[in-house]
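Protein sequence lines, in the order shown, are assigned to chains A and B.
Numbered according to the numbering used here, the first sequence terminates at residue 159, and the numbering increases by one at each position without gaps.
Numbered according to the numbering used here, the second sequence terminates at residue 413, and the numbering increases by one at each position without gaps.
Simulated from the structure, these hints should not be mistaken for laboratory data.
Owing to the predicted nature of the structure, the values given are computational and were not obtained by experimental measurement.
Don't take every hint at face value.
[Unchecked claim] For lysine to aspartate or glutamate, the following EDC-like pairs were computed, each having C-alpha atoms within a straight-line distance of at most 20 Å:
no., chain 1, residue 1, chain 2, residue 2
1, B, Lys369, A, Glu43
2, A, Lys82, A, Glu24
3, B, Lys406, A, Asp6
4, B, Lys406, A, Glu5
5, B, Lys406, B, Asp355
6, A, Lys59, A, Glu86
7, A, Lys95, A, Asp153
8, B, Lys369, A, Glu34
9, A, Lys133, B, Glu357
10, A, Lys133, B, Asp355
11, B, Lys376, A, Glu34
12, A, Lys133, B, Glu356
13, B, Lys406, A, Glu10
14, B, Lys406, A, Glu86
15, B, Lys376, A, Glu43
16, A, Lys139, B, Asp355
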Amino acid sequence: MAGLEDLYREIILDHYRAPRNRGELDVPPAHRVEGFNPLCGDEVVLYLDVENGVVSDLKIAGQGCSISQASTSMMSAAVRGKPVTEARTITRAFKALMSIHESKIGGEEVGATADDLAGVRLGDLEALQGVVKFPVRIKCATLAWNTLVQGLDEIAATP
Amino acid sequence: MGLDVPRIRADFPLLGQEHNGHRLVYLDSASSAQKPRSVMRAMDEFMETSYANVHRGVYAIAEAATARFEAARAAVAEFIGARESAELVFTRNATEAINLVAYSWGRANLERGDVVVLSEMEHHANVVPWHMLASERGIELRWIPIDAEYRLDLTNLEELLRDAKLLAVTAMSNVLGTITDIPVLVRAARRAGAHILVDASQAAPHTTVDVQAWDADFVVLTAHKMLGPSGIGALWARRDLLEAMPPFLGGGEMIRDVRKDGFTTNDLPWKFEAGTPAITEAIGWHAAIDYLNDLGMDAIHDHEVTLTRYALDALRAEFGDRLTIYGPSTTEMRGGVISFLFPTIHAHDVSQVLDEEAVCVRAGHHCAKPLMRVLKIPATSRASLYLYNDTDDVDALIVALTHVEKFFSLDPT
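Put together the whole structure using the sequences plus the hints.
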């Protein structure tokens with residue numbers, strides 16, 4: 001089962017079996033945001049605490065497959081304690097890893113070029129690269145990240 | 001006489017494939033069935049010799065195409081025991097057929113406060129059209145619950161049906177495999193003065209459907225689950241109901257006359273068939289019905305009951321309490337749809353590992369999220385059996401599932 005080992009790397013199974021940052025935060029001050037994958041019914045709930053432009057705390061609830069749960073756990077480890085701008089850059093770099101290159105056509109300015117992303121170190125997250133070979137699972141891997149962006153956007157839009 | 005499965009499999013070219021060195025094991029027929037060569041040949045032959053639009057041209061091939069198309073309608077009508085072809089309306093699929101009833105009959109007959117009764121195990125196709133009508137018209141939806149054996153709990157049926165205008169239920173659950181007792185439900189609906197719609201999408205490929213014996217008002221089905229092509233389904237309804245119903249989609253074919261100030265509708269069933277229909281697909285559906293009739297629906301049903309019993313026994317013997325099966329524990333009033341879940345392994349991960357061994361099962365909510373909420377689970381894996389499956393397929397599933405369990409073991413050793 002060589003193909004499977006590409007998808008289910010040991011670090012992914014580790015995050016799946018022992019997810020980081022599980023729990024809830026009080027709302028408010030934290031911001032709660034939900035993401036759904038309508039295809040498989042997976043859901044991720046993020047509790048985000050953003051203070052002075054920094055993701056000071058982040059907790060995760062919800063349920064899903066190993067890929068979505070591991071990606072959520074790894075996302076939380078990657079952005080917790082980081083400035084919001086850096087969290088967004090890591091998100092873009094991760095989505096580029098998933099072969100999702102955000103288009104400027106009709107959308108907002110991306111704000112980061114390929115050169116900017118080249119400097120981003122994804123570390124453990126690179127273990128998820130194998131997902132690209134399984135196109136239907138890319139949505140599982142990106143669910144947490146899209147939810148994170150949605151949450152950060154909502155916080156930014158709050159006066 | 002049982003089915004000669006090796007001979008049947010030879011009729012299905014796709015089933016001869018191998019993936020990763022494994023024989024393809026197709027266990028997703030509840031989603032869509034594979035097609036026998038006779039269906040593909042019928043569609044090809046029709047397009048090569050007789051293709052033209054129907055009910056329009058007066059030239060020879062147009063006449064032939066119309067005759068073949070209407071012969072297909074007659075075959076589907078006869079297959080489900082309809083009195084006459086005029087009661088059989090071709091649609092795009094069963095979903096469109098239910099939407100037709102909700103849009104046309106529903107808007108003409110349901111008003112604020114009226115009640116439509118569904119069951120907790122309906123497919124979204126038999127839920128969302130009623131939700132749409134509920135938000136537009138303010139009708140009330142009530143739900144027949146399921147019991148611990150995953151069957152409809154009819155204890156409070158009379159209460160649920162009080163003042164109901166329609167009971168809309170599936171003849172067989174696409175998640176649980178549960179076969180519902182339609183005659184009992186029809187009698188209860190009649191006593192309450194409610195109409196009854198039966199979703200036969202899952203039942204029609206596997207058991208004899210007899211709309212007259214059921215005494216239902218509306219029955220919907222779809223070709224692609226019963227060896228036919230995708231893109232065509234049907235609504236059967238009693239003539240008096242269809243005649244009283246306003247048209248659904250407007251356009252060509254469904255009219256008798258069109259003037260600047262209005263239109264009159266065509267006769268049944270064309271009144272409900274606006275635009276050019278799925279002509280070649282109807283020919284394919286006819287060939288699929290011929291294939292099923294040649295084998296015999298009773299023989300198909302018996303084969304599936306035997307195979308389902310084998311699969312349920314094998315799953316229990318191998319995995320015991322480590323695997324939960326969501327569906328009736330016996331084959332009594334149960335079809336070959338087997339939903340299951342390892343409590344600590346997500347259905348998507350199960351499917352992914354099975355795919356490595358060329359075992360095709362469905363993972364997800366199976367378009368039945370209300371049921372998933374009742375069961376308090378996000379998803380299941382679902383293996384569904386059909387006339388071309390045999391015990392080798394079930395054995396391959398079991399072996400692959402042992403690999404799943406090993407791969408995702410919380411105690412990696």
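A/Lys95 and A/Asp153: Cα distance at most 20 Å? holds, 17 Å
### Query
Under the criterion that the straight-line Cα-Cα distance not exceed 20 Å, is the pair B/Lys369, A/Glu34 satisfied?
The given pair, whose Cα atoms are some 17 Å apart, holds under the 20 Å limit.
**OP:** Starting from B/Lys369, check that the Cα of A/Glu43 is at most 20 Å away, please.
**Re:** It holds: about 13 Å lies between the C-alpha atoms, which stays within 20 Å.
| said: Does B/Asp355 sit within 20 Å of A/Lys139, going by the straight-line distance between their CA atoms? | reply: Holds, at about 18 Å.
| Proposed proximity, A/Glu86 with A/Lys59 (alpha carbon, max 20 Å) | The hint holds at about 18 Å.
**Request:** Verify the proposed pairing of B/Lys406 with A/Glu86, using a straight-line Cα cut of 20 Å.
**Result:** Judged against 20 Å, a Cα distance of about 39 Å means the pair is violated.
Does the structure keep A/Lys133 and B/Glu357 at a Cα separation of 20 Å or less? holds, 17 Å
TODO: Compare the distance between the alpha carbons of A/Lys82 and A/Glu24 with 20 Å, and conclude whether the hinted pair is satisfied.
DONE: holds, 19 Å
inquiry  = Hint check: A/Lys133 vs B/Asp355, CA-CA at most 20 Å. Holds or violated?
reply    = holds, 14 Å
inquiry  = With the threshold set at 20 Å, check whether the alpha-carbon distance from B/Lys406 to A/Glu10 stays at or below it.
reply    = holds, 14 Å
With the threshold set at 20 Å, check whether the alpha-carbon distance from B/Lys376 to A/Glu43 stays at or below it.
holds, 14 Å
Would you check the hint for B/Lys406 and A/Asp6, treating anything up to 20 Å between C-alpha atoms as holding?
-> holds, 17 Å
The structure does not agree with numbered hint 14 stated previously, though it agrees with all others.
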